[in-house]
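Peer 1: Below, each chain spelled out in residue letters.
Protein chains: 2
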Amino acid sequence: MHHHVIVFRWKPEADPEAIRKLADGLRDLAASLPGVVSYACGTDLGMRTGNDDFGISAVFESADALQTYLDHPTHRGLVSTYASLLLADKHGLQFAEENS
Amino acid sequence: MHHHVIVFRWKPEADPEAIRKLADGLRDLAASLPGVVSYACGTDLGMRTGNDDFGISAVFESADALQTYLDHPTHRGLVSTYASLLLADKHGLQFAEENS
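One line per chain: the protein sequences are A and B, in this order.
In terms of this note's numbering, the first sequence opens at residue 2 and continues consecutively.
In terms of this note's numbering, the second sequence opens at residue 2 and continues consecutively.
Hints in this document: simulated from the structure, not taken from any laboratory.
Be careful, since some hints might not be right.
Just so you know, same-sequence chains aren't split out, so a pair can sit in one copy or run between any two.
[Claimed, not checked] When the alpha-carbon atoms are kept at most 16 Å apart in a straight line, the in silico EDC-like pairs for lysine to aspartate or glutamate are as follows:
#: 1; residue 1: Lys-22; residue 2: Glu-99
#: 2; residue 1: Lys-12; residue 2: Glu-62
#: 3; residue 1: Lys-22; residue 2: Asp-72
#: 4; residue 1: Lys-91; residue 2: Asp-54
#: 5; residue 1: Lys-12; residue 2: Asp-25
#: 6; residue 1: Lys-91; residue 2: Asp-65
#: 7; residue 1: Lys-12; residue 2: Asp-45
#: 8; residue 1: Lys-22; residue 2: Asp-65
#: 9; residue 1: Lys-12; residue 2: Asp-72
Produce the complete structure using the sequences and hints provided.
Peer 2: Printed below as a string of structure tokens:
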């Protein structure tokens, strides 16, 4: 399985409604694509200090399915529309599950 | 479901064997605890520039199960043993899956 893990810190002035639209747009895209095993995103629960604000954790059947999502025009459009508006910082990666 | 998402950047001198021991220790701990739906970790695939080096994506049945993992002596021990040794940077959060 191929994992896509991204965490965001929002700008202080980030509009909650724009955050919701970004999250909805990403979830809807993932729901429309083949090879998406799961797609979850949400706001930090505050269980630890120093956490980021928002996270995305998605699982794809293959590297191709993951690449399709990353390169999709809708994904690119959401990122270009909302990234500069909302993001103070972004970290993440894509990885293939490793077992011991 | 409750998600635990963490991404690391390793120090340049981080020892691959120590990284493997950290990953194995975390996986083994997760395998031993109740309420762990899934636990995946792995090294960046290089699909995008600017990515972090390593990621953990875990799913727990409840906030309690997640808190048990975070507070577990073995987890604390692994973090205290390896964090200062290996980590240049760490980002992440815990979130409850949000639907549209």
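Peer 1: State for each hint whether it applies.
Peer 2: Hints, one by one, checked against the model:
1. Taking the closest pair of Cα atoms, Lys-22 and Glu-99 come within 16 Å of each other only across two copies (13 Å); inside a single copy the shortest separation is 33 Å, beyond that limit.
2. For a Cα distance limit of 16 Å, the shortest separation of Lys-12 from Glu-62 qualifies neither inside one copy, at 33 Å, nor across copies, at 31 Å.
3. In this homomeric assembly, Lys-22 and Asp-72 never come within 16 Å of each other (Cα to Cα): the closest approach is 20 Å inside a single copy and 34 Å across copies.
4. Taking CA atoms no more than 16 Å apart as the test, Lys-91 paired with Asp-54 passes in both settings, with 10 Å inside one copy and 14 Å between copies.
5. In this assembly of identical chains, Lys-12 and Asp-25 lie within 16 Å of each other by CA distance neither inside one copy nor across copies; the values are 19 Å within and 36 Å between.
6. Taking the closest pair of Cα atoms, Lys-91 and Asp-65 never come within 16 Å of each other, the shortest separation being 23 Å inside a single copy and 28 Å across copies.
7. Taking the closest pair of Cα atoms, Lys-12 and Asp-45 come within 16 Å of each other only inside a single copy of the chain (15 Å); across copies the shortest separation is 26 Å, beyond that limit.
8. Within a single copy, Lys-22 and Asp-65 get their C-alpha atoms no closer than 26 Å, and across copies no closer than 30 Å, so neither meets the 16 Å cut-off.
9. In this assembly of identical chains, the alpha carbons of Lys-12 and Asp-72 never lie at most 16 Å apart, being 25 Å within a copy and 30 Å across copies at closest.
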